[in-house]
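K.L.:
Each chain, written out:
Number of protein chains: 2
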Amino acid sequence: MVVVGAGFAGLAAMAEFARMGWTALLVDRQPYTTFQPLLYQVATGGLNVEDVAFPVRSLLRWMGRGRFVQGRVVAIDWDGGKITLEGGRAIGYDHLMLATGAVPRFYGVPGAENHGLPLHTLSDAARLRTRLVAELERAVASGPGPLRMRVVVVGGGPTGVETAGALAELRDLLTGRDYPELRAQDVSIELLEATPGLLPGFHPRLSRYAQSELRRRRVLVLTSSAVREVREGAVLVDSGPRPADLLVWAAGVEVPDIPMLRGLPRTASGRLVVTPSLQLPDHPEAFALGDVAGARGAASELPQLAQPAIQAGRHAARQLSRIARGLEPQPFIYRDRGVMATIGRRAAVAELRGGLRLTGTTAWLAWLGLHLVELLGVRNRFSVLLNWTWHYVAWRRAAGLIPPAPG
Amino acid sequence: MVVVGAGFAGLAAMAEFARMGWTALLVDRQPYTTFQPLLYQVATGGLNVEDVAFPVRSLLRWMGRGRFVQGRVVAIDWDGGKITLEGGRAIGYDHLMLATGAVPRFYGVPGAENHGLPLHTLSDAARLRTRLVAELERAVASGPGPLRMRVVVVGGGPTGVETAGALAELRDLLTGRDYPELRAQDVSIELLEATPGLLPGFHPRLSRYAQSELRRRRVLVLTSSAVREVREGAVLVDSGPRPADLLVWAAGVEVPDIPMLRGLPRTASGRLVVTPSLQLPDHPEAFALGDVAGARGAASELPQLAQPAIQAGRHAARQLSRIARGLEPQPFIYRDRGVMATIGRRAAVAELRGGLRLTGTTAWLAWLGLHLVELLGVRNRFSVLLNWTWHYVAWRRAAGLIPPAPG
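From first to last, the protein sequence lines stand for chains A and B.
Counted from 1, the first sequence has number 66 at position 82 by this note's numbering; the numbering is strictly sequential.
Counted from 1, the second sequence has number 50 at position 66 by this note's numbering; the numbering is strictly sequential.
Label-pair ranges, simulated between beta-carbon atoms: (1) B:Pro94 x A:Ala125: 39 to 47 Å; (2) B:Arg306 x A:Pro128: 30 to 38 Å; (3) A:Ala125 x B:Pro184: 39 to 47 Å; (4) A:Leu289 x B:Gly254: 55 to 63 Å.
Stretch-level coverage of chain B by chain A, calculated; a stretch enters the list once three of its residues show a Cβ under 8 Å from a Cβ in chain A: (5) 31 to 39; (6) 116 to 126.
Calculated from the structure, these hints are not laboratory results.
For every residue, glycine included, the Cβ atom is placed at its ideal position computed from N, Cα and C.
Make the full structure from the sequences, and use the hints.
P.N.:
The following block contains the structure:
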């Protein structure tokens, strides 16, 4: 078995293989895995880079089984049953798990890819933090004026909402303190969403709560504001240009058109077509898992989130066990545990199974607990807990704003 | 007052100014300060980037006084009394403190600057860690062979000894565990020193102890081995070429020939000539502090270490107070508190005031305590303590080996 991609789906498959006593091979471009749901905290200085990343090899050691090869897969030889890595190395497989994830989606908006800062990888988070510090210093040096730093976040989904909320808290913490030259009102934060409401997919009550909490934190929320074009220093929406010294692009993800995936049929949203059991229709020896796959839930395609990816990884590994025993693979049934997003200190929204909807402190505590439990590794959990506790008690950003990738 | 450079010397001056009730201006290229003595721990995965860096603005806030401007000084107008930043901004001063530090020294060895990885800045530490991970994966992919990864450390001073010791521990921790494909004997570590003994300046007994402890950890120590040339994959010493997949350059520092320092007289070792009170002979309104200055101790120039820098910063600030009161500045008298270097777990050497010499666990505990106390910031101290405790208890590297500057 070869698993490509060390995200939630790939690692869940590896863990399930280890439990079954099988030794699978995991391939990824990076030697570490990233806890993507908390990248916005790294970008805004609440967590350190190392709090949300973990060495793949350590994880495999803890699972007790599994091998790792670092490399970028450039081609799949479906007939020969082998993958080729950049540099030419070929690795044969009997069964293949594709869990290669997604990339930020720019919807063909001119200038978006050049000027927008996505928040999808560890490097993205490091880059955004570095830019944030640089912009703060630029704002200080710019001297007095009506608005000295304008931050625009594009995308009103969970990532956009969480980033805008964290940026607002950061602004209120730093201005007048570490940056005595700046007042909070010198820094504007805007959140642009193309649809009429924030957090599409959440219940309207939670969406309204998120919007009012963001407004209370002085984030200007503009809904029904699709971005038409991005230029240096400005974003164009239908109502006109909005100045932007810093542009965070959190408008969703898509499956990239990379050589290894060429020739595989895609769904309308560009994800790989899979059978109900998550196999590729023309290549039943291969499964597609997580963000890359267009697995369907009851009504529509499953959201590209951690929970569906983890459950899909586990399911696919179990089907290999069935196939090995001569049984038919079973369809994947996603168990929806709910969705959550945090806006700030003691302000979050949670939509749990059975229609339970939480807001405020309760939702925030639920969000905190869930993320702590899901964070990989005991030591990371300790460290994150320490950072968060400190952050909460001292009412300041724990990590300060040290650019994690200094130049 | 304008202080250029937010290292040990510059920050000590700022702290003393704050105590005196004076508001000075600090200028640095970076918005954070780096605890350089522990960079080798960041490079070898024992500490996180954020454990040894701290935002300058937070430090100034804690000092209670002081302003900060981020920028690179490109020129000093001595007659006009102003400095010019990259970009053209000019800042006037009545008194100036030059604490701009040093850079790695390559002694004109051909190829050294191209192929050697220094360990002087946060970026250096991040780069070395990234290269280390990449080399380990390359060694795994290279397949069986007599020696699959060869690390050479150039320089047998404290930084070289500490780095070689940490690399040896890391090798023994990772091989057979996170890297089951590698055995400890597949990875060689060599330490090259130009003089006949390690740790020049320490007592010969401590030097011998360091050498035997490193040998016990299977580091090949080659003394009297000056590097003549560095090529891709090899280092040339008099006895012949030594293959090197990874080359750490820890052979000392020098004051760079940067435009802002042009025209100032230098000592034989290239440091700025200063009066006994640390003033520039031709510009008594300016002081030079720390690594950049050739301040003299009882016998020779003071070592380019944290302690002399801190004491010099404090001294210079106090002299300004004397000058303001119409008094003559006093000569700087360095109080030598001793020197230390750690080789590994419970193995260190310390040479303290009054001829007290420690080795082994006692010296290691002294080293640990000293660095914890000196680390800036309460939260960093917590975090470092947590990382170290975890490291010690779990007998593994805390941070794993996540490259802190992923690309």
